[in-house]
Amino acid sequence: MHHLFLTTALVAALATPAFANKVFVTNEKGNTVSVLDSDTWEVIKEFEAGHRPRGITISPDGKLLYVAASDDDQVKVFDTDTYEELYSLPSGPDPEQFVLNPTGSPLYIANEDDNLVTVTDTDSHMVLAEIPVGVEPEGMALSPDTKWVVNTSETTNMAHFISTDDYKIKHNVLVDQRPRYARFTDDGTLLFVTSEIGGTVSVIGIAEDGTPTLKTKIGFGLPGVLPEWLQPVGVRVTTDDKWAFVALGPANRVAVIDVEKLEVVKYILVGQRVWQMAFTPDEKYLITTNGNSNDVTVIDVADQTAIKSIQVGQQPWGVVVAPD
Amino acid sequence: MKFLRIMLIFGVSFLVAGQALAVDVRAVVFRIDYPTLAPISRFDLLPEDVGFAGAQLAQEDNMTTGQFLGHSYTLKTVGVAPQEADAAFDALLAEGETLIIVMANAPDLLRLSDRAGNGVLLLNATARDTTLRDDQCRANTLHVAPSRAMLTDAVAQFAMWKRWPRWFMIHGSNPADQLLAASYRTSASKFGAKIVEEREFADTGGSRRTDTGHVLVQKQIPVFAQDAKDHDIVIAADESDVFAPYLPFHLWTPRPTMGSAGLRPVSFHPAHEAWGATQFQRRFEALTGRYLREEDYQVWLSLRVIGEAVTRTGSNDVATLRGYILSDAFELAAFKGVAVTFRNWNGQMRQPILLYDGRITVSVSPQDGYLHQRSPLDTLGLDDPESACTAFD
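Protein chains in written order, with the UniProt record's numbering: chain D, 1 to 324; chain Y, 1 to 393.
Rather than coming from a laboratory, the hints here were simulated on the basis of the structure.
Incorrect hints may have been included.
[Unchecked claim] Partial list, derived from the structure: chain Y residues whose beta carbon lies under 8 Å from chain D:
| no. | residue |
| --- | --- |
| 1 | Asp61 |
| 2 | Thr64 |
| 3 | Thr65 |
| 4 | Phe68 |
| 5 | Gly276 |
| 6 | Arg283 |
| 7 | Leu332 |
| 8 | Ala339 |
| 9 | Pro376 |
Where is the CB? At the ideal position from N, CA and C, for every residue including glycine.
Please build the complete structure, drawing on both the sequences and the hints.
See below:
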C-alpha cells in the first residue's frame, strides 16, 4: 500500500509539468496581469502591467510576455518566470491588439487613435513600418504562411490585407459595423472577421494567391436574448479547423461554429461581457475573459461546456497561454 | 452676405486595384447663427466652431475610409445670420449642392426643405420638434437629432424603471418650453406616469448671472416649489435655460430632478466612454482642442450617415443614397452600443438616448423590459402608427 502510494505520487509529480501551463490575463481597469495555473486553475500571481493593459501575447519560446499598455502608448515586455518588466517596445500611440510573427519578430500592432498599423522588430526594438489604415484600427491577424497581416478598422468597417513583404495594403474587404477581431483557420483558406455592432461574423475565403472573397456572413440568435446583445468579439479556431469559438460580448455566451458547415451549433454560457479567448496548447481547454464579472471561464473544448470560472483582476480583457 | 466661416477640404483619392470607380461626394453643413443670451453655466458657452468641429472629424473619417474605395469627400461649412439664411441657402442650391446638413430651428428648417425641392437631401442635425417627424415631415429631410418625444420618452422609461411614477413638472413660459412640457405629458401617459402637479416658471427676463444671483435663487426657488402634491421626482422643462439648473438643490421637498437639469437626456456627452466612445472623444479632442457637444456629435453622425451610404452603394446620387439610408440594409455604428438606423415612416434616426448627470452616463434608454416588435429603439419617439407623416409612403 505504502509503495503504491509513492508510485502514484511520483507519476503525478512527473506528469504535472507537461500539463500545467501559465495562463496570463490582462486586467484593463486593474492595470495588472493575473497569472493562473492551467492544472489547478488557481491564480498564482498578479502583477502591475502599466496603464490599461489590453492586447497580450507571448514569444514562441514562452519566455517573453508582450502586453499592450494602451494608456502608456507602449508595449511592455515581461519575463514570464520572474514577472519583471524587462523593457518596452515602441508601439505608436494607444496600442490595443497585436499579433506576433511565429518566428518571434516582428510584432504587428494596431494604433487605434492614429489610424495606423505599426510593425515593430522585437529584437532591435525598432519600428520597421507604419501603415496607414482605416479609422480606428482594432483586430489583427496573421495568415499561417505569414504573407498577410490583416487589420480591421472599426469605423471604416473593412478588413485591410497588408502584404508582409512591402507593408502595403493589397486588398480591402467591407464587412459589417465595427469589425473587432480577425482570425485565420489553420490551413489559411478562411478568415473570420467579427462585427460587434453588425452582430455578424464575415467569413472570407482566401485564394491561393491571397485574394480575399467574402463567402458568407454568420448571424446569431438565441431565445430570451435581445438580438442587440449578440455582439461578436474574439474568435479562436481549433487547429483541425473543425470548430470556431466566437465570444459574444454582452450576451455572455460563446458561440460554437461548425467550420465545415459554417453554422452555429451551440451557445455556451460564460461570464459577463465575454471578450477574448485562448486555447491551452493541447486544445483541451479554452479560456475566456469576462470583463464585467471580473473572471475567466474555462471551457472544455471537446465537450463544448463551461467547467469553471475563476476570479481575476478588474475588467479582464485579453488572455494568452504559455506554450509547452 | 457674411459667411462666418467657409471651409473646404478636398479629398485626395487613390484607387486600389480592382475596386470601384472614383466618386466625389460634396456635402455642406449649413448653420444658422441665432442671437443667444449667455447661458446659466459658462460650461454651456457656445464655441464658435459648434457643429463644424464634428463635421471636420466626420470629413476625416469619411476621407480615410474613402481612400480605399476611390471615394473622395468635399466638405463646406457655412454659418449665417438668420436674415441671410435664405439667400445663402439659395446660393448653395445654385452651386449644385445636394447633400446639406442643417443646423436651424424648426420653422427655418421647414422653409429650407421646401426651397430645396426633391433633388436635394437635408439632414436635420439639431431641430428637436416632434412635429417635423409628424404632420410637418418632408420627404427630402431626414432627422439625425433626436426628437423631443424621444428625449422625454427616455426620461419617462427610466423614471418608471425606478418606480417613480408621480411627477411634479416645472416648465418655462417660452414656446420651446411649452412644447417640451407637452412632450413630457405625452410621455407620462405613454408609460403610465402621473403628473400630479404642474407649475410655470415665468421668464421675466431677469439677470442670470450676477454676484448676488445665488442668494436670491436660494431664497426664491424653495418658495416657488413648496406645497406641491406628493411626488417622486421633479421634471424640469426648460429649453430656454432660464431656471432648471437652479432646481436640484433648492427644492422645497428633497426629490431628484430630471429633464432640463439633474438627469438629462442627451444624444451624446463628452464623458461617455462605453462602446468604444473613448477613442472617438480622443480623436475629437485632438482635432479641436475642446470637449465635444451634442451638436458636434449630431453633425458628425449626419456626415457619417452619408459616408456609410456612399461606402455601401458606391454612389453620390441623392436618390440612391436616400433609398439606401431608409432601407433595412442600412446600419451604422455610433458609439452607443447598437447600430443606428432610420424609421422609414418619417425619416427619424433610431438611436439610444443617454441619461447624463453632468459627469457620467447614469443610464441608457430604452430601458430593459420595454420591448417592441421591431426594435426596442422604437419605444422612443413616434412609432409608425403614431406618426401622421405621409411624405415617406
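Original post:
At a threshold of 8 Å, is the proposed contact between glycine 276 of chain Y and chain D supported by beta-carbon distances?
Top reply: 7 Å, holds
Original post:
Would the hint on leucine 332 of chain Y stand, with a C-beta cut-off of 8 Å toward chain D?
Top reply: 7 Å, holds
Original post:
Can the hint on aspartate 61 of chain Y be confirmed by a CB-to-CB distance to chain D that is less than 8 Å?
Top reply: 5 Å, holds
**OP:** Closer than 8 Å between Cβ atoms is the bar; does phenylalanine 68 of chain Y clear it against chain D? Give me holds or violated.
**Re:** 4 Å, holds
Subject >> Hint check: 8 Å Cβ-Cβ cutoff, threonine 64 of chain Y to chain D >> reply: 5 Å, holds
Original post:
Regarding the hint that arginine 283 of chain Y lies at the interface with chain D, is the smallest CB-CB distance below 8 Å?
Top reply: Given a least distance of 6 Å, the restraint on arginine 283 of chain Y holds.
Original post:
Taking the closest Cβ pair, is proline 376 of chain Y under 8 Å from chain D?
Top reply: 7 Å, holds
Subject >> Interface hint outcome for threonine 65 of chain Y [beta carbon to chain D under 8 Å] >> reply: Since chain D brings a Cβ to about 4 Å from threonine 65 of chain Y, closer than 8 Å, the hint holds.
Original post:
When the nearest CB of chain D is found for alanine 339 of chain Y, is that gap smaller than 8 Å?
Top reply: With Cβ-Cβ at 5 Å, under 8 Å, it holds.
In this structure, none of the earlier numbered hints is contradicted; all agree with it.
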